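**Student:** Taken in order, these protein sequences are the chains called A and B. If you count the first sequence from 1, you need to add 36 to reach the numbering used here. If you count the second sequence from 1, you need to add 36 to reach the numbering used here.
Worth flagging that the hints you see were computed from the coordinates, not collected in a lab. These numbers come from a predicted model, not from an experiment. Any given hint could be a false lead.
One copy or any two copies: either way a pair holds, since identical chains are not told apart in the list.
[Said to hold, decoys possible] In the DSSO-like style, the derived pairs of lysine-lysine whose C-alpha atoms are separated by at most 30 Å in a straight line are: (1) K203 - K158; (2) K45 - K276; (3) K354 - K59; (4) K264 - K392; (5) K68 - K344; (6) K180 - K207; (7) K203 - K136; (8) K59 - K180; (9) K136 - K269; (10) K392 - K157; (11) K136 - K325; (12) K52 - K435; (13) K515 - K392; (14) K519 - K495; (15) K392 - K207; (16) K412 - K207; (17) K180 - K412; (18) K136 - K68; (19) K428 - K354; (20) K269 - K392; (21) K203 - K264; (22) K392 - K136.
Number of protein chains: 2
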Amino acid sequence: MILLDLNPKSKIPLFKQVFNQLKRMIESDILKPGDKLPSTRILAKQHGLNRTTIYKAYEELWALGYIESKSGSYSTVRQRTKVVNIKINSNESNLNWEEKISSASMLLIEPDNKSVAKSSKKGIIDFTPLSPDPEIIPNEEFRKCLNETLRENDGNILLYGDSLGYKPLRKFIAHQMQLHAVHVNSSEIIITNGAQNALELLLKLFIEPNSEVIIETPTYSAIIPLLKYYHAKILEIPIKEDGLDLDILESTLANHQAKLLYTMPNFQNPTGITSSQAHRERLLEICEKHQIPIIEDGFVEEMKYFGKNILPIKSMDKSGLVFYVGTFSKVLFPGLRLGWIASNAYCTNRFLEIKKASEISGNMLIQAALELFCSKGLYEMQLKRIHKVYRKRMNIALKTLRENIHNPNIIYTKPIGGYTIWFEINNSNKLESDLVQMIYQNSVLVTPGNVSYYSASEKVNFRISIAHRNEAEIEQGIKIIAKTLNTLKD
Amino acid sequence: MILLDLNPKSKIPLFKQVFNQLKRMIESDILKPGDKLPSTRILAKQHGLNRTTIYKAYEELWALGYIESKSGSYSTVRQRTKVVNIKINSNESNLNWEEKISSASMLLIEPDNKSVAKSSKKGIIDFTPLSPDPEIIPNEEFRKCLNETLRENDGNILLYGDSLGYKPLRKFIAHQMQLHAVHVNSSEIIITNGAQNALELLLKLFIEPNSEVIIETPTYSAIIPLLKYYHAKILEIPIKEDGLDLDILESTLANHQAKLLYTMPNFQNPTGITSSQAHRERLLEICEKHQIPIIEDGFVEEMKYFGKNILPIKSMDKSGLVFYVGTFSKVLFPGLRLGWIASNAYCTNRFLEIKKASEISGNMLIQAALELFCSKGLYEMQLKRIHKVYRKRMNIALKTLRENIHNPNIIYTKPIGGYTIWFEINNSNKLESDLVQMIYQNSVLVTPGNVSYYSASEKVNFRISIAHRNEAEIEQGIKIIAKTLNTLKD
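When you get a sec, could you build the whole thing from the sequences and use the hints?
**Tutor:** Printed below as a string of structure tokens:
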């Protein structure tokens, strides 16, 4: 049994105290390579702590190479030879890098072991990936476009290029946005390394340490480390059936001066919720009143399967307050690393300076090849193709859920597009992590809800994404999930 | 004549006062569209100011769209309709973005009009580009490798990939570095979007606002906005014939706690200077003593033409203090946007977290195609090919200089590799900008020295790069430069 000496009144956060003491035990060989650590639940119980606290300490130990965690098993102390540390080839001083690195980068030491580890277990139905199925990627068509681009351009396409992005591609994007009633021109668009990089550009442009940023909760998990890195102060607004709770937003804004609001109005990640036109109008009105720039993340704008179209917030934006983030990652493929921000000319020029300082320019070859792909009508064709595929997949998923889940404590969303379905288990006698583990033992991998929350959530949630699974797998996987959930009744 | 009301004792910097007053004059139509502004020299003289002050104010006006500058002509007030500003489609409030954006991004408003504007004037010999000649880029070979990569991989190569970079490419880089006596393994290497992005990752990892960073002066111009963006405090150490002045470095370190030192030991940009093995050893010793991480920018490591090889500082680094930055941009082509940092395992893991937060992962397709290119021996072949080409070009350049410049006040460097030659004109009766302008009027474009200085330089310098020019152009261009410089005697 591990006994920790913790001081709740100390300025050092509890998780850090736990971390420090375990680290010391490992370094002084009290805990030896191969030793099992107690489960987070047991250690938390023994010390009267929140389980998240222990979890965070273990994560940090993991990140620094002190322990190994295998999904579905105990954490163990690593072989010291494997400890991630700087090589000492001589008797030079052993640098303490932790003292040297920036506080911002320290905040990133909470890596993706927060989610269920990828497993190599055979026969697993993996509902975690959120990018198009490799089976339906237009590999061959894109190859031809790349080929043609390199054949028909001289070496100049391989030099530095326009830091805003390849102009014909920006024109295509502007055109595409017009189909969604958004009127921007190519000089109001900057091409980024995927949507993630677009979000970073936005934070770089607007955020100072302690700037307040409003996010939906739950939200896109990968914006959380980014907000931490930029020392943003995060204000969480819960999401309801119709999008973020506007009443809570208004009351929050009565006492706060937010610098940005981040929202995904369509098929929100992770919940799959889509807000109505009326909701969007009111949201824009509130933000206009308080002059809060909106990041509208349209990461799956094009992937609507059922019902009539709802226009982006950006389409109603008369004062240039909305920053529309788009991406080719969820419709074509993420390997392109191409996304964009459509906003106003002033801010686009500012993004340009930031982009130049970061990496001079993007990859013109890939951008030109994609533009060729689009100009041949292949983008539209691919869109139709994957629409058809995913409409069916989503239908199968919802049908299987309808037929197999009858417990009123088990709530799931019914998305009209996108790839994700969100589950909430009320009155659960299991912790979320245990439930996710139970599902995994039945050979289905889902994403635990907690990764999508900034403040640790007390709820029991998980997300499934149908992006990489075919209809048979979806049906089978959801049946397994339903069966596992139905045991909770006992 | 424009009269400004300036207060040297104000907390507002003088250039900002000049900027504010001119902006107000433009906004209130005292200065009308098309009106000429006085030259920076005249306005500076009238108000007893340094010319750089006026220059900075004009730059900011330009960046915000208030004025237009044409190279070799006066700045004029822009047509108001062209003013870069947010679109107002309605009577919504006109946002003041400048009040909303971060102070860091404001610091980037000093864009590349600092260098001579690109000209479309015909027959210009342009000595400014610093990337391989499009004529000798192995376009066709790379096309084949891309093609083969897409043919032989399934769609997975088009998904997200390893955020450290495609592992076989990291292995190739590790192998390549061993040829320079640097022993790192693939887990100590992260692949970045070119060297610029590598520099940003380093600043992100180490720099807090007001952290001190040591740079050579003059230095790589594009690191300056990056350092500004991260609010680094810049310490400038002059560069001598044998690299940065180590005596000044030591005396500086007596009173400063620098977080990083940035150096280019080979064919330094802009000067072309290469430091000796002994210099490198002493530099490393000094940094070890003060525990200052070194960024060793090896952007043209492979491009040595004359004399015996000198080993990178990283090859002598026993305590893991050196961060070696490499790039494929200057040997293959910049459009790849591929560079790397070779360092230690601890920091590589930290870079990984930062990279994930910034953009999830890089472009695996390009990385895999490059790896295929390298594994086929094409990298080595290309290296030999461009060595041969550039050795000749550098020889011609140095020979033409030797034969045409005899004025002891005109000093130029004699690089043993790389692409750049640096000029310094002593006792000049012309300002640097006027001299660059004179050369331009004779149809040769060079890079003014000032872009490579953080603190405005009083010296008269310029840089030529032979990267994009063939032997005939080099000979002709340098003769024109020499002729122009020789008129200075009068």
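**Student:** Work down the list of hints and note, for each, if the structure agrees.
**Tutor:** Evaluated hints:
Taking the shortest alpha-carbon separations for K203 and K158, only the inter-copy value of 24 Å comes in at or below 30 Å, while the best intra-copy value is 46 Å. When the C-alpha separation of K45 and K276 is checked against a cutoff of 30 Å, the pair qualifies neither within a copy, at 36 Å, nor between copies, at 56 Å. Proximity of K354 and K59 under a CA criterion of 30 Å is satisfied inter-copy only: 26 Å between copies versus 55 Å inside one chain copy. Taking the shortest Cα distances, K264 and K392 sit within 30 Å of each other both inside one copy (24 Å) and across copies (13 Å).
Within a single copy, K68 and K344 get their C-alpha atoms no closer than 61 Å, and across copies no closer than 50 Å, so neither meets the 30 Å cut-off. Within a single copy, K180 and K207 get their C-alpha atoms as close as 22 Å, and across copies as close as 29 Å, so both meet the 30 Å cut-off. For a Cα distance limit of 30 Å, the shortest separation of K203 from K136 across copies, 28 Å, qualifies, whereas the shortest one inside one copy, 41 Å, does not. Taking the shortest Cα distances, K59 and K180 never come within 30 Å of each other, neither inside one copy (53 Å) nor across copies (51 Å).
In the homo-oligomer, the alpha carbons of K136 and K269 lie at most 30 Å apart both inside one protomer (24 Å) and across protomers (16 Å), since each shortest distance falls under that limit. For the identical chains of this complex, K392 and K157 are inter-copy neighbours only, at 25 Å across copies versus 44 Å inside a copy, given an alpha-carbon limit of 30 Å. When the C-alpha separation of K136 and K325 is checked against a cutoff of 30 Å, the pair qualifies only between copies, where the shortest distance is 15 Å, while the shortest distance within a copy is 43 Å. In this assembly of identical chains, K52 and K435 lie within 30 Å of each other by CA distance neither inside one copy nor across copies; the values are 46 Å within and 64 Å between.
Taking CA atoms no more than 30 Å apart as the test, K515 paired with K392 passes in neither setting, with 50 Å inside one copy and 34 Å between copies. Proximity of K519 to K495 under the C-alpha cut-off of 30 Å is restricted to the intra-copy arrangement: shortest distance 20 Å within a copy versus 78 Å between copies. Taking identical chains as interchangeable, the C-alpha atoms of K392 and K207 lie at most 30 Å apart whether they share a chain (20 Å) or sit on different chains (29 Å). With identical chains, the CA atoms of K412 and K207 are at most 30 Å apart within one copy only, with a shortest distance of 14 Å there and 38 Å across copies.
Proximity of K180 to K412 under the C-alpha cut-off of 30 Å is found in both arrangements, the shortest distances being 11 Å within a copy and 22 Å between copies. In the homo-oligomer, the alpha carbons of K136 and K68 lie at most 30 Å apart inside one protomer (28 Å), although the nearest pairing across protomers, at 53 Å, exceeds that limit. In this assembly of identical chains, K428 and K354 lie within 30 Å of each other by CA distance neither inside one copy nor across copies; the values are 37 Å within and 59 Å between. Taking the shortest Cα distances, K269 and K392 sit within 30 Å of each other both inside one copy (27 Å) and across copies (21 Å).
For the homomeric pair K203 and K264, the shortest alpha-carbon distance between copies (29 Å) is at most 30 Å, but the shortest distance inside one copy (33 Å) is not. Both within a single protomer and between protomers do K392 and K136 lie at most 30 Å apart by alpha-carbon distance, with minima of 27 Å and 21 Å respectively.
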